[in-house]
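Engineer: When you get a sec, could you build the whole thing from the sequences and use the hints?
2 protein chains.
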Amino acid sequence: MSTLKNDLLLRALRGEKTERTPVWMMRQAGRYLPDYLKLKEKYSFFERCQTPELAAEITIQPVEQVGVDAAIIFSDILVVPQAMGMEVQMVEHKGPLLPEPIRRASDLDRISVPDVEDSLGYVFDALRLTKKMLNGRVPLIGFAGAPWTLLCYMVEGKGSKTFDGAKAFCYTQPEVAHRLLQLITDTTIAYLKGQAAAGADVVQIFDSWGGLLSPEDFEILSLRYIRQIVAALKDEALTIIFAKGAWQSLEAMAATGAHGLGIDWCIRPQVARQLVGPKVTLQGNFDPAKLVSPIPVIEREVRAMLDAFEGGPHIANLGHGILPNIPVDHARAFVETVKNYAYEPAR
Amino acid sequence: MSTLKNDLLLRALRGEKTERTPVWMMRQAGRYLPDYLKLKEKYSFFERCQTPELAAEITIQPVEQVGVDAAIIFSDILVVPQAMGMEVQMVEHKGPLLPEPIRRASDLDRISVPDVEDSLGYVFDALRLTKKMLNGRVPLIGFAGAPWTLLCYMVEGKGSKTFDGAKAFCYTQPEVAHRLLQLITDTTIAYLKGQAAAGADVVQIFDSWGGLLSPEDFEILSLRYIRQIVAALKDEALTIIFAKGAWQSLEAMAATGAHGLGIDWCIRPQVARQLVGPKVTLQGNFDPAKLVSPIPVIEREVRAMLDAFEGGPHIANLGHGILPNIPVDHARAFVETVKNYAYEPAR
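As you go down the protein sequences, you meet chains A and B in turn. If you want my numbering, it's the 1-based position in the first sequence plus 122. If you want my numbering, it's the 1-based position in the second sequence plus 122.
Careful: at least some of the hints might be erroneous.
Copies of one chain are not kept apart here, so a pair can be met inside one copy or by any two copies together.
Calculated pairs, DSS-like style, for lysine-lysine (alpha carbon to alpha carbon, straight line, at most 27 Å) [to be verified]:
no. : residue 1 : residue 2
1   : K216      : K160
2   : K461      : K254
3   : K280      : K164
4   : K127      : K254
5   : K164      : K216
6   : K254      : K160
7   : K283      : K216
8   : K356      : K315
Just so you know, the hints here were simulated from the structure itself, not pulled from any lab data.
Structural biologist: Pasting the structure below:
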């Protein structure tokens, strides 16, 4: 592994003191970047994911154009259900569509734990190429969806506000649900190990729908499987869990041994810190909708967010993906404000 | 006012000890009830709302068929924007549509604080008729949307997962946003006073989208206006605030003087109790998606929920509206389990 010129993110995740807070943005590769939109006109979503040259180019754009302290590989959490044998379509302005969702035990016959080199090797190729092109400028983050969140899509067949269909599946056929969650978990472990081997320094587990569950159900349907993934990756990469909205389980997530925990803007950083203890690194938590504000307001609000993390181990980020309508100079203002900030304890 | 045969809900809201926990379900009137679905085939949504005989019949159905301890008037939070001058359509399978949303200061010229007797008198008529038909069997609940939640629809023009458009409006045109919020607040106060005068014993303020805001923004954009409403209703009705997901502001909501606070299943009742102190009545918090479970599972889980409220001032309810696909006997199992439960402190 080449020596990194900027390893702020890795040191922050290891709980080391850093000269300043590292910063990146969820969904930083894509959407709001004009150079990405040009590629989007020419290539379909899966062409962009599956062509290592395109994925690597998109991944590096925000490093060069916005100045973030880490690259996150351009991909999607639904490549895993796809690799397991399900059809996944990305419908413009509508979101993902899985036309043949899982609804009963017999549907599990249609999916399997794949050989990830065969089915997801294009992601590993993209990581290797990105790593080379980054040439040590910043660390590289890989990622996967949490098993619960992937189950949501695999059962519901599309996005939803509440995923009541996925929940109904779990509440009426718990044994089938757990078999499915284990198949996803096994695939995800192999997939993330492959990502680490291909050069991902850090892997983030996105549990976008973890916050739809009660704390008890989050333990049973989600954290139990995330725990397996974090344990399996222990010696291969630094790990971050981002279970959006699942604040009641932050303490339990900290106990998994993950290096970082993402939080959204609906929880005060001080409250999150109280819940997780002094060691684990918190990541977040700016409301992405606020990046539409005038730049002076962004600067003021970003500093207020940083103040609230009180110099504790922290990676500055949004509390959810950046929105497509954000002007690039607003994204840059977010990043620059973090870079120019120095925490001064109020005394 | 006639003497109530069953005033459990009112006594629970006043913080008095009750012989058992009162129970009702958000959205209990409608959706999953076969007799409601028959009326739905014959009359449009607004016909059902605006015809007092229909609204009263629908309101009373769950009292007679499911055995709840309160009736909540059949209506919709969007009757307020409608009364203020906006067009509101209810599109089957799609949800509400406001074809001419508020986007800038000049759009405020199109709306006003209406004379509620003129524009919402049909709700008052429905309440009076319901009150008469209930004949003192159970208390009657009125309701309105919180100003922030109504702003979301009035600006976004339709439902959304994240209401980024509504947030962008508030973050880029804060002065216009606050003028709009005050217009909604003034209308809502007059509307809820009218509901109380027409026989509503309790009014609930639904802030369905309060949980999309950071605690700081919730104070500025939502609670500031809810506080005005609660204060204005002080002598006219018991009040419940249900700001779904806004757990970080529970303490501040308790300080408004509201009698009850709704919580959803994502917060442990014990944690909510710690946040609000011993006095205020908590309402909730069963995951409505769980009502698909087999009845013995519902019974077990409802008892576990009741245990978690530890005999404190509590109204049993769901943590969100009942879903359309719930069998009536499952809804009944929820209600019956509450009625048959007696809290026994673990010693």
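Engineer: Look at each hint and say if it fits the structure.
Structural biologist: We went through each hint and held it up to the structure:
1. K216 x K160: Within. Shortest intra-copy distance 20 Å satisfies the 27 Å Cα cut-off; inter-copy 32 Å does not.
2. K461 x K254: within (25 Å within a copy, 66 Å between copies)
3. K280 x K164: within (25 Å within a copy, 32 Å between copies)
4. K127 x K254: within (14 Å within a copy, 77 Å between copies)
5. K164 x K216: within (19 Å within a copy, 32 Å between copies)
6. K254 x K160: Classified as within: same-chain Cα gap 24 Å, cross-chain 65 Å, threshold 27 Å.
7. K283 x K216: both (13 Å within a copy, 13 Å between copies)
8. K356 x K315: Classified as within; 10 Å inside a copy, 60 Å across copies.
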